[in-house]
Amino acid sequence: MLTNENIRQRLLEKFPDQVTGFEEPYGLLSFEAPKEINLKVLNFLFDDSELKFRFLTDLCAVHYPNQQGRELAVVYHLHNLEDNMRIRFKVFTDINQPDVYTATGLFSSANWMERETYDFFGVNFVGHPNLKRILNVEEMDYFPLRKEFPLEDQSRIDKDDEMFGRGGSIF
Amino acid sequence: MSEHHIKLPEGSIEKSTTTLNLGPTHPATHGVFQNILELDGERIVSAEQTVGYIHRAFEKIAERRPLYQITPLTDRLNYCSAPLNNMGWHMTCEKLLGVKTPKRVDYLRIIIMELARIADHLICNSIVGVDSGAYTGFLYVMQYRELIYEIYEEVCGSRLTTNIGRIGGFERNFNDIAFQKIERFLKEYPEVLKEFENLFTRNRIFMERTIGAGPISAERALNYGFTGPNLRAAGVDYDVRVQNPYSSYEDFQFEIPVGTTGDCYDRFLVRNVEMWQSLSIIEQAYRKVQDFKGAEADVYHADVPEYYLPPKKDVYTKMEALIWHFKIIMGEIDMPAGEVYHSIEGANGELGFYLISDGGRAPYRLHFRRPCFIYYQAFEELIKGAMLSDAIIVMSSLNLIAGEMDA
Amino acid sequence: MARPVAYNVKIKPLEKDISMAEMPEGHQGEGFFATSLDKVIGLARKNSIWPLPFATSCCGIEFMATMGAHYDLARFGSERVGFSPRQCDLLMVMGTIAKKMGPVVKQVYLQMAEPRWVIAVGACASSGGIFDTYSVLQGIDQVVPVDVYVPGCPPRPEAIIDGVMRIQDLVGKESLRRRNSPQYKALLESYGIQ
Chain B
147 MLTNENIRQR LLEKFPDQVT GFEEPYGLLS FEAPKEINLK VLNFLFDDSE LKFRFLTDLC
207 AVHYPNQQGR ELAVVYHLHN LEDNMRIRFK VFTDINQPDV YTATGLFSSA NWMERETYDF
267 FGVNFVGHPN LKRILNVEEM DYFPLRKEFP LEDQSRIDKD DEMFGRGGSI F
Chain Z
805 MSEHHIKLPE GSIEKSTTTL NLGPTHPATH GVFQNILELD GERIVSAEQT VGYIHRAFEK
865 IAERRPLYQI TPLTDRLNYC SAPLNNMGWH MTCEKLLGVK TPKRVDYLRI IIMELARIAD
925 HLICNSIVGV DSGAYTGFLY VMQYRELIYE IYEEVCGSRL TTNIGRIGGF ERNFNDIAFQ
985 KIERFLKEYP EVLKEFENLF TRNRIFMERT IGAGPISAER ALNYGFTGPN LRAAGVDYDV
1045 RVQNPYSSYE DFQFEIPVGT TGDCYDRFLV RNVEMWQSLS IIEQAYRKVQ DFKGAEADVY
1105 HADVPEYYLP PKKDVYTKME ALIWHFKIIM GEIDMPAGEV YHSIEGANGE LGFYLISDGG
1165 RAPYRLHFRR PCFIYYQAFE ELIKGAMLSD AIIVMSSLNL IAGEMDA
Chain D
386 MARPVAYNVK IKPLEKDISM AEMPEGHQGE GFFATSLDKV IGLARKNSIW PLPFATSCCG
446 IEFMATMGAH YDLARFGSER VGFSPRQCDL LMVMGTIAKK MGPVVKQVYL QMAEPRWVIA
506 VGACASSGGI FDTYSVLQGI DQVVPVDVYV PGCPPRPEAI IDGVMRIQDL VGKESLRRRN
566 SPQYKALLES YGIQ
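Protein chains in written order, with this note's numbering: chain B, 147 to 317; chain Z, 805 to 1211; chain D, 386 to 579.
By construction, these hints were calculated from the structure, which means they are not laboratory data. Hints may contain errors.
Cross-link-like lysine-lysine pairs, in silico, BS3-like; alpha carbons within 30 Å at most [claimed, not checked]: (1) D:Lys395 with B:Lys305; (2) Z:Lys1116 with B:Lys198; (3) Z:Lys1122 with Z:Lys1092; (4) Z:Lys1097 with Z:Lys991; (5) Z:Lys1116 with Z:Lys985; (6) B:Lys293 with Z:Lys907; (7) B:Lys278 with Z:Lys819; (8) Z:Lys907 with Z:Lys1116; (9) Z:Lys1122 with Z:Lys904; (10) Z:Lys1131 with Z:Lys904; (11) B:Lys278 with Z:Lys1188; (12) D:Lys424 with D:Lys558; (13) Z:Lys998 with Z:Lys1092; (14) Z:Lys1116 with Z:Lys991; (15) B:Lys236 with B:Lys186; (16) Z:Lys904 with Z:Lys1097; (17) B:Lys236 with Z:Lys1131; (18) D:Lys570 with B:Lys305; (19) Z:Lys1092 with Z:Lys819; (20) Z:Lys1097 with Z:Lys907; (21) Z:Lys985 with Z:Lys1122; (22) B:Lys278 with D:Lys491; (23) Z:Lys998 with Z:Lys985; (24) Z:Lys1131 with Z:Lys1116; (25) Z:Lys1188 with Z:Lys899; (26) Z:Lys904 with Z:Lys1117; (27) B:Lys160 with B:Lys198; (28) Z:Lys1097 with B:Lys305; (29) Z:Lys907 with Z:Lys1092; (30) Z:Lys1117 with Z:Lys1131; (31) Z:Lys1116 with Z:Lys899; (32) Z:Lys899 with B:Lys293; (33) Z:Lys985 with D:Lys558.
Remember, it's a predicted structure, so these values are computed and weren't measured experimentally.
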């Protein structure tokens, strides 16, 4: 029977002192590992005959501007279809050097998901076959989903800020 | 390249393949995405996809809005089956808040979700017909989509982008007219679906167009992250409603149709059978809802005082209801902090919502796991070596919805 | 308990077997009818508009419902929807236009032959809609001149048909010299179209 406890034991046996941060929010086991071994952990979860996490459900990134040295987190959601177990695996990286090894060798679905993550956050996936912007225009030079950039297009001149509750002299 | 039909002399700077831009302006129905195809005669050598022509930055917008204001955004993801996305989002919020919905609410949600699934599969299957030249099927089934829209209108007031339901249930009880329309749908729709099947399923021309077009094996499909009818057509019976049941799906009897080769014909048949199964689920849910009697028959929402507006007469007479009303409308309610990932079986596959909350009123990060975006990557592999007309049929049978792809 | 219907309870009986378009004013006699050329051409053009549905998102699905049998748009003369801009009169832009798509809309508009009209269906095409973001064009009138705006998110098929009827009014009343007039040329100049 594959349970969260089994998975945790196997991970601690294989990568002692490197996988940390075991949590179970809402029943889903979540852990983190240093970014250098992310491919080793993914390969282990894929190839192991008991763990069999062979389906990559989701790949995204989160920006935590307040944690120095660990600002960008790349989050992998994996799924074991046969035993119906899900797991979440996080990798933290520094914003000044956001290099993470790509998972496209293992999962072909990671191709566009990593391009989207690069487009939004600027995470550089080392070894990706085609790391270009996918959803935004090619000429864009900033990474829009980082917390410091605003949502609206700043070049509009026809919006009246007073009516939108920003600035102005109503109050 | 020596295996192409056009033979060029050595050292020539010309290309032996033709570049064709299957551009963003398609014949209306599919949506905006572009394929740059390299053709050798009429065979496709390679394809490069460009998406993002309708990128609306949902994930950035969601970081600013409290939970209810995100529901209209989820409507516009897969806009052919908007209630499915709404229900999925509400269920994610309920998972974060720890709310348990009563059975009647679950059954009513299932009726609406399965109607949305039928609406989406109707569009996909009839558009496969239109793309192979048969316009009649599309016109016949659009009448029944109008009836589904009328059912949505009775419940929430809007046809297409429904914003249906609230956290914990529905905004109002289904009235008699809604139930009459659901009965009328259950009575009249099976014949229409049978007639639609007669038009296509054993039609020789349709079979010759679609059998063998764009096949994919189960291992490649799993590696590409396929889910939903496309994966089931390839032979893997993965359905989120069965594996991680939500909203009381475990109380219902239904089958999961599975194909063999994963080509367009299998996808068409899988969607067709899923429509029959959805119809059977709606019938079972309708009977179960009618079985609730007395006070239970009036339950249409769970008790979530922080997110569900109190009834107006309480607002005008009781103090707590007034305060909750004010706080909910002004969006002053704080969510509990936490990370939750919830997924539902959308019409195209596993639609997932990854919500990270830091205890404020708006999410810290919301990511949508959109099935269309993930399986469109496989398009090149599906059409390599096929002819141009096969590429069109494969594109429409994959049910690519641009709103979900770019989000 | 059936909800009583409040509006449109009197069904108007059909007066004649077929309904025809209204005749313009003119001078009639035995075997001839004299009117101005503008009016005849306007009458012919407005009842046979060939639209180009440029459907990007949710409004496109409402357009499909409008073209369906229930809210038939074909009875207004738009039976043949074309997808080639060279052959169409009316560019119906339905759905959100992102900044990546803006040049495509302009290119399609440039390829259309005069006289051409543009209808912006839905809130996103009219003004950017609910998406006030860095990636969405805030209304297609930033790139092409628009004749009729149909609000709604998505507009009901009746509203889309109302928009097409307003276009019919514009087409019927348009002067034959408008497209060569200096005001029209100035309008196109302001969009950077020669």
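Against the structure, the hints:
Taking the CA atoms of lysine 395 of chain D and lysine 305 of chain B, the gap is about 46 Å. The hint is violated against a cut of 30 Å. A hinted pair counts as satisfied when its Cα atoms are at most 30 Å apart, and lysine 1116 of chain Z with lysine 198 of chain B does not qualify at roughly 53 Å. Distance restraint check for lysine 1122 of chain Z and lysine 1092 of chain Z: the Cα-Cα separation of roughly 35 Å exceeds the 30 Å cut-off, and the hinted pair is therefore not satisfied. As the CA atoms of lysine 1097 of chain Z and lysine 991 of chain Z are separated by approximately 24 Å, the hinted pair is consistent with the 30 Å bound.
Distance check on the hinted pair: lysine 1116 of chain Z and lysine 985 of chain Z sit about 28 Å apart at the alpha-carbon level, within 30 Å; holds. As the CA atoms of lysine 293 of chain B and lysine 907 of chain Z are separated by approximately 41 Å, the hinted pair breaks the 30 Å bound. Only pairs whose Cα atoms come within 30 Å are accepted, and lysine 278 of chain B paired with lysine 819 of chain Z is accepted, the gap being roughly 25 Å. Simply put, lysine 907 of chain Z and lysine 1116 of chain Z have alpha-carbon atoms about 25 Å apart, close enough for the 30 Å limit, and the pair holds.
At most 30 Å may separate the alpha-carbon atoms for a hinted pair to count; lysine 1122 of chain Z and lysine 904 of chain Z meet this at roughly 25 Å. For the suggested pair lysine 1131 of chain Z and lysine 904 of chain Z, the alpha carbons sit about 22 Å apart, so the restraint of at most 30 Å is met. For the given pair, lysine 278 of chain B sits about 23 Å from lysine 1188 of chain Z by alpha-carbon distance, which is consistent with the 30 Å threshold. Simply put, lysine 424 of chain D and lysine 558 of chain D have alpha-carbon atoms about 7 Å apart, close enough for the 30 Å limit, and the pair holds.
Distance check on the hinted pair: lysine 998 of chain Z and lysine 1092 of chain Z sit about 26 Å apart at the alpha-carbon level, within 30 Å; holds. Simply put, lysine 1116 of chain Z and lysine 991 of chain Z have alpha-carbon atoms about 37 Å apart, too far for the 30 Å limit, and the pair is violated. Between the alpha carbons of lysine 236 of chain B and lysine 186 of chain B the distance comes to roughly 13 Å, so the proposed pair stays at or under 30 Å and holds. A threshold of 30 Å between alpha carbons decides the hint, and for lysine 904 of chain Z with lysine 1097 of chain Z the separation of about 21 Å falls inside it, so the pair holds.
Straight-line distance between C-alpha atoms of lysine 236 of chain B and lysine 1131 of chain Z comes to about 35 Å, which puts the hinted pair past the 30 Å bound. Restraint check: the Cα-Cα separation between lysine 570 of chain D and lysine 305 of chain B comes to about 28 Å, which is no more than 30 Å; the hinted pair holds. The suggested pairing of lysine 1092 of chain Z with lysine 819 of chain Z is violated, with an alpha-carbon distance near 65 Å, which exceeds 30 Å. Between lysine 1097 of chain Z and lysine 907 of chain Z, the direct Cα distance comes to roughly 13 Å. Compliance with the 30 Å bound is thereby established for this hinted pair.
Our distance criterion of 30 Å between C-alpha atoms is broken by lysine 985 of chain Z and lysine 1122 of chain Z, whose separation comes to about 37 Å. Taking the CA atoms of lysine 278 of chain B and lysine 491 of chain D, the gap is about 25 Å. The hint holds against a cut of 30 Å. Distance hint between lysine 998 of chain Z and lysine 985 of chain Z is fulfilled; the C-alpha atoms sit about 20 Å from each other, no more than 30 Å. Taking the CA atoms of lysine 1131 of chain Z and lysine 1116 of chain Z, the gap is about 15 Å. The hint holds against a cut of 30 Å.
Among the hinted pairs, lysine 1188 of chain Z with lysine 899 of chain Z is inconsistent with the structure: their alpha-carbon atoms are about 43 Å apart, more than 30 Å. For the proposed pair lysine 904 of chain Z and lysine 1117 of chain Z, the alpha carbon gap of about 25 Å is at most 30 Å, so the pair holds. Only pairs whose Cα atoms come within 30 Å are accepted, and lysine 160 of chain B paired with lysine 198 of chain B is accepted, the gap being roughly 15 Å. Taking the CA atoms of lysine 1097 of chain Z and lysine 305 of chain B, the gap is about 54 Å. The hint is violated against a cut of 30 Å.
Taking the CA atoms of lysine 907 of chain Z and lysine 1092 of chain Z, the gap is about 10 Å. The hint holds against a cut of 30 Å. With a C-alpha separation of about 17 Å, the suggested pair lysine 1117 of chain Z and lysine 1131 of chain Z falls inside the 30 Å cut-off, and the hint holds. Between the alpha carbons of lysine 1116 of chain Z and lysine 899 of chain Z the distance comes to roughly 27 Å, so the proposed pair stays at or under 30 Å and holds. Of the supplied pair hints, the one linking lysine 899 of chain Z and lysine 293 of chain B holds, its CA atoms being roughly 26 Å apart against a limit of 30 Å.
The straight-line distance between the Cα atoms of lysine 985 of chain Z and lysine 558 of chain D is roughly 44 Å, outside the 30 Å bound, and the hint therefore fails.
The structure fails to meet hints 1, 2, 3, 6, 14, 17, 19, 21, 25, 28 and 33 from the earlier list, while all remaining hints are met.
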